[in-house]
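Line by line, the protein sequences are chains A and B. In terms of the working numbering, the first sequence opens at residue 699 and continues consecutively. In terms of the working numbering, the second sequence opens at residue 82 and continues consecutively.
Any given hint could turn out to be false.
[Stated by the list, open to error] Here are some of the chain A residues that sit facing chain B, going by a computed Cβ distance under 10 angstroms: (1) ASP748; (2) ILE815; (3) GLU818; (4) ASP819; (5) THR868; (6) THR873; (7) VAL874; (8) ASN1036.
[What the hints assert, rightly or not] Dumping the calculated DSSO-like pairs for lysine-lysine here, alpha-carbon to alpha-carbon at most 30 angstroms: (9) LYS922(A) - LYS416(B); (10) LYS871(A) - LYS575(B); (11) LYS278(B) - LYS922(A); (12) LYS939(A) - LYS929(A); (13) LYS899(A) - LYS1003(B); (14) LYS820(A) - LYS416(B); (15) LYS1044(A) - LYS278(B); (16) LYS773(A) - LYS844(A); (17) LYS1003(B) - LYS820(A); (18) LYS397(B) - LYS812(A).
Keep in mind that the hints were calculated from the coordinates and are not lab data. Quick caveat, the model's predicted, so the values are computed rather than measured. Yeah, the Cβ is synthetic: ideal placement off N, Cα and C, and Gly gets one too.
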Amino acid sequence: MNFKLIKKRFLLAVLLVNFLFSCKNEEPIDIETNDFFKSVDKVTEIMVHDIFSPPVASRVYVYPNIAAYEIIAQKEDYNSLAGQLTNLTAIPKIEQPNVHIEMAALMAHLELSKKLIFSEDKLMTYRDSLYSVWEDKNSTQFKATKSYATQVVSHIEEWMNQDHYAQTRTMPKYTVNTNDPSRWQPTPPAYMDAIEPNWNKIRPMVLDSASQFKPEKHPEFSLKKNTAFFKELTEVYTVSKEITKKGDNSEEIQIAQFWDCNPYVSVTRGHLMFASKKITPGAHWIGITKIACQKNTSNFDDTVATFTKTSIGIFDGFISCWDEKYRSNLIRPETLINEHIDEEWKPILQTPPFPEYTSGHSVVSGAASTILTSIFGDNFAFDDTSEIPYGLPVRSFPSFNKAADEAAMSRLYGGIHYMAAIVNGLSQGRNIGSLVVNNVQLKPTKE
Amino acid sequence: MNRAICIGIILLSMVRCKPEGSVFKNVPPKQSGVDFINQVTATDELNILDYLYFYNGGGVSIGDINNDGLPDIYLTANQLKNKLYLNKGNLQFEDITTTAGVAGNSTWNTGTVMADVNNDGFLDIYVCTVVGINGFDGHNELFINNGDNTFSEQSAKYGLDFDTYSSSAAFFDYDLDGDLDMYLLNHAVHTPESFGKVDLRNRRTYETGDRLMRNDGTTFTDVSEEAGIYGGINGYGLGLNISDFNKDGYPDIYVGNDFHEDDYYYINQGDGTFKNELTAYFGHTSRFSMGNDAADINHDGWPDLMSLDMLPQEEKSIKSTEGDDSYQTLQLRTKQFGYHYQYTRNMLYINQKNTPYLETALLSGVAATDWSWSVLIEDYNQDGNQDMFISNGIPKRPNDLDFIKFVSSEKIRKKINQTKLVDQEALNMMPSGKTHNYVYEGTGTLAFNDQSGKWLVKDNLVSGATAFGDLDNDGDLDLVINNLNESALILENKTNASANYLKLAFKSTEQNAKGIGTKVYSYHNGILQYKELTTTRGFQASSEPIVHFGYGQHTTIDSIKIVWPNQKEQMLRSIAVNQTLLIDDNKAQKNNQNVYESSANLFTKVEDNLGIDFVHKEDAYVDFHRQRLIPYKVSEQGPALAVGDLNHDGTEDIFLGSSHRQPSRIYLQKEGLFQLQKSKTVYQDSIAEDVSAAIMDINNDKKSDLLVATAGSVFPENHISMSTRLYLQEDAQFGKAKTIEDIFGNSSIIISDEEYVFVGGHTVTNKYGEIPNSYILRKENGTLKKIQEFPLGMITDAIWSDFNQDGKKDLIVVGEWMTPLFLEHQQGTFVEQEVSGELLSGLWQSIISYDIDQDGDIDYLLGNWGTNSKLTASSKFPLKLYYNDFNKDGVYDPIVTINKHGDEYAITTFDDLALQMPDLRKKYNTYQDFAGQTVVQIFGKEVIEKSETFEVQTLASGYLKNEKGNFYFVPFQEELQLAPIKTFVKYDFDHDGKQEVLTAGNFFGVIPYHGRFDSFPGALIQSDAQIQLGNTLGLDFQFKSARHLTIIHINKKPYLLATFNNEKVQLYEF
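If we strip away everything but chain A, and leave its shape as in the complex, we get (with noise of 0.2 angstroms):
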């Protein structure tokens, strides 16, 4: 059937209802909380079936959170994010009356995502529901709000458009060698290339530079036994064979899987190949983020405020440690233990296409957690429910802190990292994270 033909009766139809009843059209319109999570709830869908690699898809959730933070500081209760993010200038003024914040503040998230992600059709589906309720709601008020959101969302990407990320498209591949014993290189089983080599000229937001918070070197490569570094990596073989025995319902696999948030996993079944997708680490971290916005029933400017600080955190995260990862180059355990210890041996999780120290998971969780700690307190425990869409159980924590430790671990469980990359990892990341707790001030007087 003809969809188009569909879609232009339908809108007639709400153009002749809009039409009729447009002395009625003056009702208020309520944005509820509710309503920013579907929003980022629609945006982690979309990236998980587009396949965004962990680095781009921090970068797919922070501006579109920054331009509907900033739309909610045009309030008095919040600083405008203009002069503490490198080079973000202040957003347009409201001039017009009818322009509805929270509303506006929802269109900018949804305008700028779509800009990011690629399945836009899926996205717009979802615009395109609500903005037909607004319209019919209000549409004084909606065509006000509606244009005052675009207004900010050209503001904010222009400065996006200025963080290189379209440079670094054209930028040089990583090439692997093979001689360098220590150098990485492609993993099993898709072999494929290294994400993101140049990550680390994406422009930060609060660090000074992608190295500000550059970790202390690993271990010196080494394959000579008693080596700080040969002893990393028999560890995570031992530890992976100690688990692999206790099964698959063992605490250390359970936990493994539970944080794994690999966006692609290649699996070959018979000549069938086939993606398992999940969502990203800092995915996870957006969800878990959702989930004290949640159960602390923060209202709808908090919780922007809330995510778009988070977000701020895993975004600058991923460069500092992909800072690290093109620095160092190092190897990863599986393509060391297949060579010279059991060319059988997988690792619980398959291995990530980029360079191992350090750990990006590790850093994220740090940063993320430091933040969400600084908002809702130390000691907030969660019952994790973020991974529940891709088949795994609900997890329960004490703390932020206490998940960011059980998540850099998952990586030593999985069979990907060694443990400098998960300590040095965490540090990393925790350093990140208060920098953006100091440093990034989104209420006027300090609570």
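Fit chain B to the supplied structure of chain A, relying on the hints for placement.
Here is chain B on its own, set in the frame of chain A:
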């Protein structure tokens, strides 16, 4: 009359739907009585997820089981009972399975072979099975023919009751002791998640390792290990062929392996052992190797080989299915894991008599026949040339990219975990891989013409195992195809009496009864046809044990030579066509001269190179990592080579330019040997990648000076290492280099005559598609003065030549994406001249002047890219390069397009394009959306029209034929189109008082999409009609990428010096 034609046309159009091509006619099951269907049913317990070869289909064997002169058909079903159909004549068959007792008792049957295993004159039937996975039960079965249309299963008695993962078997006499031994082809089933080291093949695994079974009279003995047969877990054996590939009298084995394991080329050592010599004879192979077949297609009396893969032909399928590896993955798989070069397409290997094969599938037009299973090379239209029938199809394409990346995750995962059965809905989203079977008409040369849809109707079947036989005894070859979930198909050959034939069957008393391994040479009208009787051919099948020749309209065959496996031979003379001969070996005579001996070589390699120990090492720079869409590497132009007296002692010395960060070398000649000169000044310039050099006296001190041009693409144009340098000779040493006249950039060529120097610019670093300057300099007052500077094109080579016969040396320049340029020398400047005739644009690589047509004037030989490539070009449908900032990110990208049916398609995959231009993912959410899009559809008409556009009208190497000053391009013969031709040199190599031209080439700087241009063995060109390939002359050029050929005099004797990229130099005496 007109009316009659009209009626004829009407009648024709009425019967158009009849399943009939001009050569093959479908025989309906109702008519033939062959009502066989290999119905494969997926269940919760058993489907494509549990067994990767679930859709590989059954087998078919053809042979006369009751010796009534009519070949019978045996068909195996994977899950159902096998069937034997007795030929009653007139293409009518009777199912005698039950009375014959050959239905089989195994759960999963695969290939089948008919062979006289017990040598009693009656064909027995062997059936392969998969046992031991998925609850598959049973064992391979050997049905011994009782001689009365009944059989007894005796596999255990003979020791052939394997319970392994077998797909096919071949019976052949490897030890020439007169009985049939057996090779059993097994396949791995473990998921190829990681490549694993290549040495996995050395560790024998019971279920998956191939077996060689020696016939010891009443039973077979497993001799696999002592015979050197691999038995690893990574051998996905799908293709099997037995032929005496090296013609030493002992049958050899070719095994085609699926996935990352290499194919095996087992050469029979004659002592009961085999040696895998794949890498010595094959530059590269098919990757997902499936069925194969061997036959002499070019009438030289040596078996050529075709190995199938799964490359589709249609844009829509190519761009939506997983294709080749990335450049880097291939590097990893070859360098790190030790596998050979493999590419996803059919390969046609032309036998070169104990030197490496030439791989010509792209040039021959047979590289892409989609998901292909079986190839049978025979003369179906009986015109005297070998044709090809290729069966193909898969119910669903599991390598569909949308399925892998988008559909599967959401639809199939839960199902897999819960029910194991693939969700039908998900399967429906996988596109069908049903493609018509292909038939190619042979021409006797390397070219094949696609006659699918003409010779036979295009079908919509999933066709697999195929066998031939003359089912109706009318002299031509009919085909039987085992299809998946559809009736087996009999294709009746209708050639009948329209072309002549000869059929030979064999009967032996001292050797295997049916004469398996017998070679037949047929000579008619000066044409040789050669065949060897082997029955296991194609895929999971064996064909009728006969040898068949076609002769077109020729009515007598001058002679037939028959060489039996025991090397006894017999000659038949003046044989009439259109008959079947049963040849007995009782008249055969011993003859020991059948072993091939190569003739004396013109060139002899000087093994120690007389001290020139230079090995060019290319640096690790990968152009594709910086310019993802560049069509080929421009950083592999070296080494530079120049020969001249570099220390003023009257002997010729050598300059060899190295790649980036490797020191260039000077070798000085002393008493007929060479010594490395430690030149400090040259060493200091190691950072430069030296690609071309010239030697001339610049400062008029009668001593040779050295000019060096650089490239490498690593540094920007203005970088100090990118300067064109001059070293002046002082006291037999070179002084510090000087930059010549501010000339910087990626050059390709520097040439000099007494007065002028030309420097050709090739590319601009990181901006492939931009045209750099080229330069002409003049020697003035002991220094070089720039007189001209112009963007001529992407220059690759140039010569001084007086093309207008005015006594002054003019300049001819060639390059990529351009026509050859003729620059006339006019009072100190060189001015571009229109030359009349037909100069085509090409990816020109090299040029030399030579009177190739021997008519007294000078022609110009031109090296091009070659036509053995996925790239295509013609004047009507040129290869194109669009250069533009397509996505307005400030970076210009080169997009190369080929023309298919009038539309232009980028050769790049969607992933590579979208990595560079991410917003394309917004325009195309799925691979299906992108697949089949023309460049205009992708980028818009306006953008394409505003792009800088380059064209190539021909990829063929050839020559500009001089016809009274007009020049017309004439392509060389096929053998010179195998790879890019990089260099020419002129000399009287054969000492006949006349000069010849020697040429060399090959190029590896391409992504796996293009494969590997490694097949050109070089050639000696005496005239347009007289060309000899280098492998027949003693030249070791194949699998190496040549850069320069030159003559050097050592102790006043001429030698040939050849340089290669990333290789040792070679020195030859002649």
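Going down the list of hints, with the structure as the test:
1. ASP748: Since chain B brings a Cβ to about 7 angstroms from ASP748(A), closer than 10 angstroms, the hint holds.
2. ILE815: It holds, given that the least Cβ distance between ILE815(A) and chain B is near 8 angstroms, below 10 angstroms.
3. GLU818: holds (6 angstroms)
4. ASP819: Hint on ASP819(A): holds, closest Cβ of chain B at ~7 angstroms, below 10 angstroms.
5. THR868: Result: holds, 4 angstroms to nearest chain B Cβ.
6. THR873: For THR873(A), the interface hint holds, since the closest Cβ of chain B sits about 5 angstroms away, which is under 10 angstroms.
7. VAL874: It holds, given that the least Cβ distance between VAL874(A) and chain B is near 5 angstroms, below 10 angstroms.
8. ASN1036: Constraint on ASN1036(A) satisfied, holds at 7 angstroms.
9. LYS922(A) - LYS416(B): With Cα atoms ~24 angstroms apart, LYS922(A) and LYS416(B) stay inside 30 angstroms; holds.
10. LYS871(A) - LYS575(B): violated (57 angstroms)
11. LYS278(B) - LYS922(A): Measuring from Cα to Cα gives roughly 23 angstroms; hence the hint holds.
12. LYS939(A) - LYS929(A): OK: LYS939(A) and LYS929(A) at ~15 angstroms, within 30 angstroms.
13. LYS899(A) - LYS1003(B): holds (24 angstroms)
14. LYS820(A) - LYS416(B): Violated, because 44 angstroms separates the two Cα atoms, which is more than 30 angstroms.
15. LYS1044(A) - LYS278(B): holds (15 angstroms)
16. LYS773(A) - LYS844(A): holds (18 angstroms)
17. LYS1003(B) - LYS820(A): holds (11 angstroms)
18. LYS397(B) - LYS812(A): Judged against 30 angstroms, a Cα distance of about 28 angstroms means the pair holds.
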